[in-house]
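Participant: Based on these hints, arrange chains C, X and W on the given structure of chain V.
Top line first, the protein sequences correspond to chains V, C, X and W. Take any residue in the first sequence, note its place counting from 1, add 1, and you have its number in the numbering used here. Take any residue in the second sequence, note its place counting from 1, add 1, and you have its number in the numbering used here. Take any residue in the third sequence, note its place counting from 1, add 1, and you have its number in the numbering used here. Take any residue in the fourth sequence, note its place counting from 1, add 1, and you have its number in the numbering used here.
It is worth saying that the hints were derived from the structure and are not from the lab. Hints are supplied without guarantee of correctness; some may be wrong.
Pairs count within a copy or across copies, as identical chains cannot be separated in the list.
Said to hold, decoys possible - Derived DSBU-like pairs (lysine-lysine); straight-line CA-CA distance at most 30 angstroms: (1) Lys97 to Lys67; (2) Lys100 to Lys67; (3) Lys101 to Lys67.
4 protein chains.
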Amino acid sequence: MNTANQYQDCIDACNACAVACNTCFAQCLQETDVQMMARCIALDADCAAICTLAANAMARNSEMAKHFCRLCSEVCLACAHECEQHHHAHCQACAKACKKCAQACLDMLN
Amino acid sequence: MNTANQYQDCIDACNACAVACNTCFAQCLQETDVQMMARCIALDADCAAICTLAANAMARNSEMAKHFCRLCSEVCLACAHECEQHHHAHCQACAKACKKCAQACLDMLN
Amino acid sequence: MNTANQYQDCIDACNACAVACNTCFAQCLQETDVQMMARCIALDADCAAICTLAANAMARNSEMAKHFCRLCSEVCLACAHECEQHHHAHCQACAKACKKCAQACLDMLN
Amino acid sequence: MNTANQYQDCIDACNACAVACNTCFAQCLQETDVQMMARCIALDADCAAICTLAANAMARNSEMAKHFCRLCSEVCLACAHECEQHHHAHCQACAKACKKCAQACLDMLN
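Isolated chain V (complex conformation) (with noise of 0.2 angstroms):
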């Protein structure tokens, strides 16, 4: 019985954007200029809860993954997107953890 799985590097592309977001989340809370974060972090929430049942839909090995991965990268590309247009480092390291889990969910579908 094998106890890897095929999903793995997509798994953890997924993993580590959902703490990218979850981490910018946090810091654009303690910005002095939360307010002009408020899209952010509520695309950080979105991204990080579709990452995470990626994730997990993949690690059951479930017949709709590449549904939830092809959506998953959708949300990627949009949080992506609004974290490039801030400085702080939190918001430029989520947009390239999530440009990266965007090209895992597009690799895992082909």
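Facilitator: Below, chains C, X and W alone, put in the same frame as chain V:
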């Protein structure tokens, strides 16, 4: 400030569907023919997960809510199709909740 | 086969609390004094997460359900205490839903 | 602005445990003796859920993180105890990941 949510009907359908899927999951595990129920159990887990995510996103008025609900409707229909093939009361109840939730998600998109 | 759930009242309270927390989260992000709402937003996210987990576990008749509900009651009370300090209608509504959910969780333990 | 997380080791252990639990869940459903695995499957679902919640909360630097990790360690130990009783490689791998995660959560509390 209005604390009501424009998506309340769809949130309620998603939460009811998650309960039905989780109930079906637990009761499938108690069946004597549990091997026959493996795909039902797996889809119950997928469907409960996306219903829960969609309900939370709608309650946050997420800009991604429609994307989540579109996928939720697809997973609900897959789960309903599997559940309908089993005579257990919990499967029939789950199929019904899944179809109602799929429709609520489609209605919410328009 | 009985498809009803012994924990239905507590499941309903958890789902209602998750909606109230997510609503408060989204509306806090739209306030002009959002920096003042940072702890409220963070606790809303924690509380929605544990309410959702507890509701799903109860619906699965999980042997861990009481453990999840004990912690859920504690997080609900922390969130209620923070929300009560803000005059916004969504905060007051959230505090009320949190206290109701905390009580439902304590009732479920006995 | 430091984007690293003080809880990174525990986050990694929680994510690895969630993967192991979800893998065990899926592979238990494929076993011929799936009825014997019912409690293992149920605990896998509980454990993956609380590991995921704890990882997300730690990444948000949640003030509730220690509460979530204390419960996570308890659920991990219950899941490990069940998995250890089965000879399947996925159960043994899951038991090991659960015990490692339980220890990481206890370490994080201190």
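Participant: Which of the stated hints cannot be reconciled with the structure, identified by number in ascending sequence?
Facilitator: Every hint satisfied by this model.
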